[in-house]
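Colleague: Each chain is listed here by its residues.
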Amino acid sequence: MSIVGIVLHSLRQHALSTAVTAASVALAGGLLLTVWVVKTQAQAAFTGVNAGFDAVLGARGSKLQLVLNAIFHLESSPGNVAWQDFLDVQSNLDVELAVPIAVGDNYHGWRIVGTTPDLFLKSEYAPGKKFELRLGGNWFDPARRSAVVGSFVAEKMKLKIGDKFHPFHGLVFDEQMQHSETYVVVGVLKPSNTPVDRVIWIPLEGVQRMSGHGAQADTAVSAVLVKLKAGSALAGFQLDTLYNKQGNRLTFAWPIGRVVAELFDKIGWFDRVLTLVAWLVALVATSSILASIYNSMNERRRELAIFRALGARRTTVSSVIVLEAATISALGVIVGFGFYVGLISIVTRIIRSQTGVVLEPFAFDPVMLWEPVVFVALGALAGIVPAIKAYRTDVAQNLTPRS
Amino acid sequence: MKTNDSVLLQIDGLQKSFIAPGGASNRIVNVPEFSLAAGAQLALAGESGSGKTTLLNLIAGILKPDTGRILFNGMAVSEFGESRRDRFRAHNIGYIFQTFNLLQGYTCLENVLLGMSFGQGADHMFAENLLKLVGLEGRLQYRPSQLSTGQQQRVAVARALANRPKLVLADEPTGNLDRKNSVAALALIREACRENGAALLLVSHDSEVLGQFDDTQDFAKINQVATVEVPV
Numbered sequence: 001m002s003i004v005g006i007v008l009h010s011l012r013q014h015a016l017s018t019a020v021t022a023a024s025v026a027l028a029g030g031l032l033l034t035v036w037v038v039k040t041q042a043q044a045a046f047t048g049v050n051a052g053f054d055a056v057l058g059a060r061g062s063k064l065q066l067v068l069n070a071i072f073h074l075e076s077s078p079g080n081v082a083w084q085d086f087l088d089v090q091s092n093l094d095v096e097l098a099v100p101i102a103v104g105d106n107y108h109g110w111r112i113v114g115t116t117p118d119l120f121l122k123s124e125y126a127p128g129k130k131f132e133l134r135l136g137g138n139w140f141d142p143a144r145r146s147a148v149v150g151s152f153v154a155e156k157m158k159l160k161i162g163d164k165f166h167p168f169h170g171l172v173f174d175e176q177m178q179h180s181e182t183y184v185v186v187g188v189l190k191p192s193n194t195p196v197d198r199v200i201w202i203p204l205e206g207v208q209r210m211s212g213h214g215a216q217a218d219t220a221v222s223a224v225l226v227k228l229k230a231g232s233a234l235a236g237f238q239l240d241t242l243y244n245k246q247g248n249r250l251t252f253a254w255p256i257g258r259v260v261a262e263l264f265d266k267i268g269w270f271d272r273v274l275t276l277v278a279w280l281v282a283l284v285a286t287s288s289i290l291a292s293i294y295n296s297m298n299e300r301r302r303e304l305a306i307f308r309a310l311g312a313r314r315t316t317v318s319s320v321i322v323l324e325a326a327t328i329s330a331l332g333v334i335v336g337f338g339f340y341v342g343l344i345s346i347v348t349r350i351i352r353s354q355t356g357v358v359l360e361p362f363a364f365d366p367v368m369l370w371e372p373v374v375f376v377a378l379g380a381l382a383g384i385v386p387a388i389k390a391y392r393t394d395v396a397q398n399l400t401p402r403s
Numbered sequence: 001m002k003t004n005d006s007v008l009l010q011i012d013g014l015q016k017s018f019i020a021p022g023g024a025s026n027r028i029v030n031v032p033e034f035s036l037a038a039g040a041q042l043a044l045a046g047e048s049g050s051g052k053t054t055l056l057n058l059i060a061g062i063l064k065p066d067t068g069r070i071l072f073n074g075m076a077v078s079e080f081g082e083s084r085r086d087r088f089r090a091h092n093i094g095y096i097f098q099t100f101n102l103l104q105g106y107t108c109l110e111n112v113l114l115g116m117s118f119g120q121g122a123d124h125m126f127a128e129n130l131l132k133l134v135g136l137e138g139r140l141q142y143r144p145s146q147l148s149t150g151q152q153q154r155v156a157v158a159r160a161l162a163n164r165p166k167l168v169l170a171d172e173p174t175g176n177l178d179r180k181n182s183v184a185a186l187a188l189i190r191e192a193c194r195e196n197g198a199a200l201l202l203v204s205h206d207s208e209v210l211g212q213f214d215d216t217q218d219f220a221k222i223n224q225v226a227t228v229e230v231p232v
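Chains A and B supply the protein sequences, listed in that same order.
In case it helps, my numbering puts the first sequence at residues 1 to 403.
In case it helps, my numbering puts the second sequence at residues 1 to 232.
Bear in mind the hints are in silico, worked out from the structure with no lab data behind them.
Since we're looking at a predicted model, the values are computed, not measured.
Glycine included, each C-beta is placed from N, C-alpha and C at the ideal position.
Since no wrong hints were added, every one of them can be taken at face value.
Some chain A residues well away from chain B (every beta-carbon gap over 10 angstroms; in silico):
| no. | residue |
| --- | --- |
| 1 | N92 |
| 2 | I161 |
| 3 | V277 |
Selected chain B positions facing chain A (Cβ under 7 angstroms, derived; list incomplete):
| no. | residue |
| --- | --- |
| 4 | N57 |
| 5 | I62 |
| 6 | L63 |
| 7 | S83 |
| 8 | D86 |
| 9 | R89 |
| 10 | A90 |
| 11 | Y95 |
| 12 | G105 |
| 13 | L113 |
| 14 | G115 |
| 15 | S117 |
| 16 | F118 |
| 17 | G119 |
| 18 | A122 |
Stretch by stretch, here's where chain B covers chain A in the computed footprint (C-beta under 8 angstroms, at least three residues):
| no. | region |
| --- | --- |
| 19 | 314 to 326 |
| 20 | 387 to 399 |
Please put together the full structure from these sequences, using the hints given.
Modeller: Written as structure tokens, this is what we have:
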């Protein structure tokens with residue numbers, strides 16, 4: 001029987017405390033993995049989302065609010081942009097594509113956004129990827145009250161081609177605020193795993209001329225999505241200067257990724273708190289290994305003395321204890337991956353439903369390599385204190401009474 | 001005492017003291033001279049508390065003497081460091097305890113295999129043969145708690161022989177057995193040692209046990225603690 005055999009035997013013998021301790025390590029490991037993966041993936045995903053555009057032009061105000069509203073379809077619009085401003089930026093020589101959007105209505109809480117077909121026909125939401133419709137669908141006709149529904153909304157609201165609905169006024173659902181206009185679903189988007197999936201798209205004029213919207217809405221948009229010409233390296237700086245420094249009516253949020261990154265910088269403290277909590281949980285779990293084994297040492301003193309009487313060295317019995325602690329930790333790490341899968345699935349679903357951004361929970365992350373190593377090392381470290389106790393076990397005293 | 005001329009164990013001037021709760025030094029062992037031949041079977045007769053177990057622990061290398069020398073097969077065991085004494089014990093000594101000291105979480109076979117793993121290495125075939133020798137071939141997977149006291153004693157005998165020791169130390173090995181089982185167990189220990197070529201040093205206070213040995217010595221004559229004054 002090898003040392004490993006003795007360790008496994010001991011773990012089986014103390015199956016309940018082994019299971020409970022390993023479970024606490026599993027919870028800690030799963031939590032740490034989840035926090036870490038969500039942190040890194042969310043940052044990468046959110047800063048990478050730009051709907052295929054480089055910048056957003058909007059009313060004077062916060063760049064972050066502008067991006068959250070126009071790209072992520074969160075937050076309220078900071079104000080309107082005059083139609084002429086849209087035409088000006090559209091005609092700028094450095095601009096490849098400018099698409100206006102108008103917000104202000106919802107359907108049972110799902111945002112309705114007015115735009116032009118250019119958004120779907122001329123832009124790519126990711127390199128080489130254009131928006132596509134599910135079989136049998138059509139893009140909306142700007143002259144008719146027709147709608148293209150994002151895949152996530154269609155799934156949640158069970159909307160399909162041919163369905164009719166009435167928009168509700170405002171960004172928050174209030175059943176008293178129903179518009180009289182009736183829209184017909186003419187297409188459902190294929191999933192793009194972007195915030196576009198969470199929106200009902202109608203012609204720009206639809207939002208502009210919706211009953212109850214002010215007269216100024218006819219000649220204004222909420223924001224303009226701007227794609228700069230490739231190779232025009234200075235274009236962004238020039239437009240930034242033009243709108244943000246020289247002008248004082250509009251805000252040019254560019255580049256979109258950096259604006260979102262600033263958000264993550266601002267909430268970095270929260271991220272650090274979460275990570276700290278995860279590490280503290282890991283520390284508590286490791287301490288539970290220490291406490292569990294240490295408490296069992298009194299009842300195991302005789303067993304260890306017998307090992308010694310049979311010829312086991314002090315280092316052998318203490319190695320058994322350290323290896324036992326490391327094995328409990330390793331078991332916890334393995335189970336922890338299962339816990340991680342469950343937890344990350346829930347978190348991913350929540351993030352997708354709230355933002356439309358899809359994380360890839362099973363994509364490789366270096367934390368998946370170093371977390372098991374660190375946890376097993378911590379477990380082994382926790383075994384050192386009881387191992388010292390095992391090392392010091394007096395053989396003669398614990399075998400039989402002295403005669 | 002000697003069955004042949006080859007001396008297996010030679011003890012000279014061996015002393016061991018313990019600190020009593022009051023702080024006084026209490027000498028337990030004082031053996032000026034003692035020897036045992038290879039393959040011999042010797043019983044030491046002594047009362048409880050006379051230092052018999054301490055002497056066995058010194059011979060096994062579990063305890064280190066304060067002074068004196070223990071020569072085992074030419075090796076000065078008393079000079080060994082702890083790690084080397086552990087190794088010596090694993091390879092040369094089989095120990096049968098009064099309370100058997102079987103590992104309750106392990107089966108009979110595992111108890112014997114465990115005895116091997118710190119010494120020569122696990123040998124399933126030999127372990128099974130030993131358990132067969134002590135009449136437990138049908139109880140290999142039983143745990144000690146599932147066995148009678150007599151059967152537990154037999155497992156302890158098998159385990160003591162697991163590493164093919166040159167010397168088996170038996171500390172009141174029948175102390176927990178009834179008369180009938182006691183006689184049978186003693187016969188088994190002696191026979192098993194003979195078959196495996198191991199010497200046997202047994203300590204007991206039981207006159208019936210001692211009566212079965214041709215070679216018996218009074219422990220009080222070997223261990224002369226009463227005549228020694230120890231300054232505190």
